[in-house]
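If you read the protein sequences in the order shown, they are chains A and B. For our numbering, add 6 to where a residue sits in the first sequence, where the first one is 1. For our numbering, add 1 to where a residue sits in the second sequence, where the first one is 1.
Keep in mind that the hints were calculated from the coordinates and are not lab data. You may find that some hints are simply not true.
Claimed, not checked - Covered stretches of chain B (chain A as the covering partner; in silico rule of three or more C-beta atoms under 8 Å from a C-beta of chain A):
#1 142-153
#2 166-179
#3 190-202
Every residue gets a Cβ at the ideal spot worked out from N, C-alpha and C, and that includes glycine.
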Amino acid sequence: MESGLGRSSETSLKASPSMASNTSRNTDLDQQGGRFNSMDQSFFARPGQSFPAFPPLFGVQSSSLYLPDDNEAKIGNQFEPNPSLNNPTVDWDPQVMLSNLSFLEQKIKQVKDIVQSMSSRESQVAGGSSEVQAKQQLVTADLTCIIIQLISTAGSLLPSMKNPLLSSNPAVRHLSNTLGSPMGFGSSCNQRPSSNNEVTIPDITKTPDYEELMNSFNTATQGESDELMKCQNSCGGEGSEPIPMEDHDVKESDDGGEGENLPPGSYVVLQLEKEEILAPHTHFCLICGKGFKRDANLRMHMRGHGDEYKTPAALAKPSKDSSSEPAPVTRYSCPYVGCKRNKEHRKFQPLKTILCVKNHYKRSHCDKSYTCSRCNTKKFSVIADLKTHEKHCGRDKWLCSCGTTFSRKDKLFGHVALFQGHTPALPMDDVKVTGASEQSPDSEAMNNMVGSIVYNFAGSSSDDIPNLDMKMADDTRYFSPLCIDPCFGGLDDFTRPGFDISENPFSFLPSGSCSFEPQNGDS
Amino acid sequence: MSEEVQRYGGGGGGVGALSLDLLGQVLDRVREPRDRKACRLVSRAFARAEAAHRRALRVLRREPLARLLRTFPALERLDLSACASLDDASLAAALAGADLAGIRRVCLARANGVGWRGLDALVTACPKLEVVDLSHCVGAGDREVAAVAAATGLRELSLEKCLGVTDMGLAKVVVGCPKLEKLSLKWCREISDIGIDLLSKKCPELRSLDISYLKVGNESLRSISSLEKLEELAMVCCSCIDDDGLELLSKGSNSLQSVDVSRSDHVTTQGLASLIDGHNFLQKLNAADCLHEMGQRFLTNLAKLKETLTVLRLDGLEVSASVLQAIGEGCNNLVEISLSKCNGVTDEGISSLVARCSHLRVIDLTCCHLLTDNALDSIAENCKMVECLRLESCSSISEKGVEQIAICCPNLKEIDLTDCRVNDAALQHLAKCSELLILKLGLCSSISDKGLAFISSNCGKLIELDLYRCTSVTDDALAALANGCKKIKMLNLCYCNKITDSGLGHLGSLEELTNLELRCLVRITGIGISSVAIGCKNLIELDLKRCYSIDDAGLWALARYALNLRQVNFLQGFSYPLESSKEE
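Modelling step: build the complete structure from the supplied sequences, incorporating the hints.
What follows is the structure, given as structure tokens:
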């Protein structure tokens, strides 16, 4: 992972041949935007380039009007004061990127409600308390998405504003000081070996600078980091820790302190590398190189290479030998650092089987490339999920007067029983034009619902998790064509330090989203 | 007014001098609709008083509906069940100009032409609507019910046999009408446990619920048990409900007063026993045609209901004399017991039953073949209050038993002697029961004009008489009936093939007659039918199957004169509902 990250910053700049595939993906912005989760190096590179503007944003914000927990104000401050600082003549909001920003506003409003409801509680309970952690993580993820959008939106203006920002804003310097040499991090990342099952070392080197960035956020914009980095709260207090290794130690002790219900060491942890996970075939013919998904198919295939492969022994299932010796309990770790399924996570929850690993990795860290052909809304990274969805897509025929649809009648009735005043909407309600009185609210609600599906990927209430993923993918796709590429060239040399920093803020993204993993990921 | 005084002399002037309020009070005390009609026809003062005072209206044609609704502004009850060819457009148009703020009850039974638009208009026009009857609107579905659900004050709703109603419609109702107290979902076959569950959650005021013939299961009873005010629960022929469901039902609040599980095949006495455990104040228990064996626990639990139980129906159950004795000892306050088609009911059992149950008023012993006059003797001796006695197919009883009953039970209002082979002597004794309203003598072929003459001369209140296959009855009996029993509304003369046109001519004087069955009276012709059509103004149903001699003249007379006629059965298998009807 980290090797990927490290390389990414360079590959995207240098377009090294090893990353040809990634650079080629750069051309396809849609796909690439969505790919960021999926270990895609190019993704990290790109936000990285846009990032130099990012710390200043926080800096400005923290200095000017920081603390109110209201997200909208905060975010508004994030991008509004900046143009006034740097380039007063440029108006961000209305005309140029109006569509993007309106889109952004919608999302912010949705998140705002959640945060507002939490804000009082958050101030009461000490930050990082486990009670509200889940909610905070939710908000974290949502805010993360917003930040991505902001950065993407802001990206187009960066070339004009980066210099004044960097020079004028003390927060940036502070940030860079606390981080030390970002270049060093980048190089260390580059030097990392990309071996399959040995990711622990990169993890160690990775986490420090990751934590480091968190710390810098804490010092610069404390409240922001509180909300964004809840998952890192345990180590978030170590703002003054400059040395990566120490930081890591602290983290480990935290792990011990937090405790795990699974006895560590009672199982063997295996970690496959992402290439291995994503490989379409896992069994290869040694003779011709053809790949197969199943070993049995490979064995069938081998018959064609000669009679020696046709013997019953060669065709028999080879696993019987291994079963004779007591196999140790094996669990799997997700290679994605920061993911709860990654063994370095302080609340590590192992995955049971390789299939779990594959599905988890695809669902959580990969682009959702399969779109439902019926609704054109839902996206999936595992094709089986798509097929499952397609079975039921459009069958949400049970409609409540509030606009919520259900695939099953009993679910609708449970909903109706729960909420005062909600009634089932009869199917004819939307068709009918003459229905007049009672029909109009229903259809209105319907429209709202459709609108929320189409325009706001948040879906605000019921199922945040799938929507979250969808959101992130869609948002980046939505904004990247406008913003990211333009900032690419202009930033190159100057913002080098910022690059490596910038890869970090996005590494927390997956961690934030990963905290939701166990719920929807692999079962 | 002055004209009236002149026209009607002092009497009319006297009426006209009274205030509308007083006249309204007078009208309120006139029971019979016909008499009220006579009043308002005779005096405009009465007509005005009625216009201002009238609370209930039953409309038979759609054309005058609008005018009637405007004429009677104080209406509270509107019955459109017999309103021929009522549809959305006419209903909405009629409602448009009228002030219906006072209307609380609307009956739309069998109003198949009314859809959701009409109901929508109705509910909008009647803000105080409390009771709606949509029973037998077989075309009504969720959309119609949803329109009714807009009446938030609704307390009673009957959706009996609204075949299109599903859980969705029910959900609309229960959400829209949280004050619902009485709901009938009989025959709404699409409704499932989910709908009943929602009903139980949303309508805590429910007192009466009918889920007969639904395909709901025990889960529904679990939901229903959460209804704390439920007093009456009918679940006829719910084959998915069994003892476990009744067990669940018994966990609820101890509020049930009436339970009907008749024809629910999977219910046994075990389940009923556990039900009684949970509900100690049951007054009515109808377990007809579902029990097969009596359980000891049920018997002992029945005794727990000693004080309250008044109605017990155990049709089809195998009972012995000892069981009947136990019931008699356990349930002293029984008012009604039904043992029809119960095997093992003997004279001994009946006598031990009635020995303790002196309050019995209704006794159903249909098809208890073993009974003899001794059983009737003990009934007559112990149950002086008996009003209804059903003895169909008790072929061993004779006129002596009937005599005892007639002597000892002066309150007898209904007696069913179908297929009991009683004779004229029995009728002579029965004639002592001057309160008799319903008399069924089908298949008693030995009954002749002589016996009916006794009845005719003494039972002037008779409203229903069944002479099915009393083949000895002739025109003379009809003449006597027409003379003595003017109140008869329902008359069955099927297969009394000695009856001719002259007999029907006598029937023409029965103005109250509503239902007349003349099946296979081969001698009657159009002439007889004409006299019936002309004389019996209130005729609603007429059965003329296999009356081969009837010609077009008879039908023409029916069409011309029998303006209230709704159904005529002609040939076998065919029935022609008529559109022609008229306002009350």
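8 Å C-beta test of the stretch 142-153 of chain B against chain A, three or more residues: It holds, with 5 qualifying residues against the three required.
Coverage claim, chain A over the stretch 166-179 of chain B, checked by counting residues with Cβ within 8 Å (three needed): holds (count 7)
Are there at least three residues in the stretch 190-202 of chain B whose beta carbon sits under 8 Å from a beta carbon of chain A? Our answer is that it holds, as 5 residues pass the Cβ test (under 8 Å) against chain A, meeting three.
Violated hints for the displayed structure: none, as all numbered hints are satisfied.
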